[in-house]
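Protein chains: 2
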Amino acid sequence: VDRMIRVAVDAMTAEKGVQEVVHGAIRALKEYPDLKVLLVGDPAAIQPYLKKQKFADRLEIVAAMEVIGMDDEPAAAFKSKKDASVSVAARLVKEGRADAATSPGNTGASLAAATFILGRIQGLRRPAIMTLMPSSHGWTALLDSGAVVDCKSEDLVQWALMGSLYMGEVMGVSNPRVGLLSIGEEESKGNAQTFEARPLLKAAPFNFIGNVEGRDLFNGNCDVAVCDGFVGNIVLKTAEGISKMIMNGIKESFQRGSLVEKIGGLLSRPTFHRFRKRVSADEQGGGPLLGVNGIFIITHGAATRIMIKNAIRLCHENVRHEMVKKLTAVIEAGPGKEA
Amino acid sequence: VDRMIRVAVDAMTAEKGVQEVVHGAIRALKEYPDLKVLLVGDPAAIQPYLKKQKFADRLEIVAAMEVIGMDDEPAAAFKSKKDASVSVAARLVKEGRADAATSPGNTGASLAAATFILGRIQGLRRPAIMTLMPSSHGWTALLDSGAVVDCKSEDLVQWALMGSLYMGEVMGVSNPRVGLLSIGEEESKGNAQTFEARPLLKAAPFNFIGNVEGRDLFNGNCDVAVCDGFVGNIVLKTAEGISKMIMNGIKESFQRGSLVEKIGGLLSRPTFHRFRKRVSADEQGGGPLLGVNGIFIITHGAATRIMIKNAIRLCHENVRHEMVKKLTAVIEAGPGKEA
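Sequence lines, in order, name chains A and B. Add 2 to the 1-based position in the first sequence for the working numbering, that's all there is to it. Add 2 to the 1-based position in the second sequence for the working numbering, that's all there is to it.
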């Protein structure tokens, strides 16, 4: 892509407020000279944070006067609030005024806006949220992590096709290993769905390595793991929950410790900082909604400026790698297409 | 219970060997003066480790000349190896020669032996493995964590009944909060199974608090979480996998650190040790198979002596609390009974 990359950012839905989103955008602009950011939302709320920054020529406000909140029922709110910031952001992509969009809001609303406004890739049954989980060796793509519950085996095949392509193209993994998330490595271990899906995955054109277990998401044994969105979302929140519990638990253990331990804690702060940075969701930035006819990155409601910056980076990378074109080709050529 | 509590321990299947099991048993005997341990397995393999210990009068060998290995197909091996150590241990309970049994072997073989030899509690549809997950406030019971995949809603109700009773009786939690593991707290979030199960759980005689998410297993928001064994096993292995990744990652981060950080790491060793001890699976000892007509604790193949000791402690606690009698009563009085 030889021109500016234009990313629409929903500025209204981050829990930490508009300011955090603007700061995230400015960080991204610093990093990418070919980036232009369209801040979508109420100009009166955004404008005050744009003073005294050096990127006026690459930062634009696009007005959207409604907001879908975290407590809104996603589908109903999407229908009734036509001018919601998340919908306007998706529409900018649909109309070719932006190359990609991201929203740190209500996940259901992001799903609705991206799916209904952008539509699906030809032949793709149902889009999936891909999340990159930190592993001891890099990252593991988990999909679906919450878009589709009660999925079909054909969905798993298409998600594996897309995840494998993504890890190869964007993450630079050669011949990505695709696993079916189950309860044991043996073919005999699983549920009705894994038994049905396994032969389809085996026959598909990617490097299928068979069943993988929950621990394989973190030990570098596979690059892509596919599962139903119900399981994937529970896995994601389990991983977030236990990480938080461990990091807080260690902090508390320091607080209860002896003076010597407390000094040890102070001295080892950079260690924790380095580790936390490597595995933090902030660094990953969010998850692409793979399979919609456009680039849309779903990020956390509680996103920090760093996470917003990284969500914009994900948009930038997906545009640069022409992921929609490539995903369309792999779905077109692959098994499991919708009739 | 005013007499000796007799626990049968499968001595042959721990990956760390017979010696580790014997050491675990001796630790338990030190702790519980009313405990008697029956070590089940090949006397020639066990005998050498029994020399020079003070508990000869409370330590007995029961011969079992076959072993089901980790790679054996559980159901087939259970049928063909009648004299397998895990089966002999279960049979001791069935015949009233032991009050409880535990095995650190092949989980499928433990399930088969316990279910077929002990049978189920009257009216109980399918036994579940209960695992206690470490939370910021204590422990959360997760069931089923791998015994039953593709379960029915009535199974979830019975598991919730048993988990709630267990947390109250054994863990001393007053009015345990029972949650249905799902992908959002709202009633509208879930899959076909949670939608069907939710009204049944709401109507049942325990403190049902609605849907809970993966993170609620670790933040103290609920005491019991029920789910299908497919989901539960993936959750359990996800939690184990990410914990290991984090602890190893912090260690590596120290190794890559400056000299100051390395000193910090040395000084803070007791902190980590204390935290690791609090959350380690070793400390919990394993998971009871709730719903079989006898007490059977399933523990890890990789169990250490500490974990074996704690599995024996779990046996002891379950006997002392007369859990089979109480579980039978709660299933008898509860909804969801098998016709």
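These aren't lab readings, by the way, just hints derived from the structure by calculation. Fair warning: this is a prediction, and the values are worked out from it, not measured in the lab. Some hints here could point you the wrong way.
The list cannot tell twin chains apart, which means a pair is met if one copy fits it or any two copies do.
[What the hints assert, rightly or not] 27 Å max Cα-Cα, derived DSS-like pairs, lysine-lysine:
id, residue 1, residue 2
1, K328, K154
2, K327, K18
3, K32, K53
4, K38, K339
5, K154, K246
6, K54, K279
7, K279, K18
8, K56, K84
9, K38, K204
10, K191, K81
11, K38, K81
12, K154, K191
13, K32, K279
14, K96, K279
Structure versus earlier hints, numbers of those that do not hold, lowest first: 2, 4, 5, 6, 8, 9, 11 and 14
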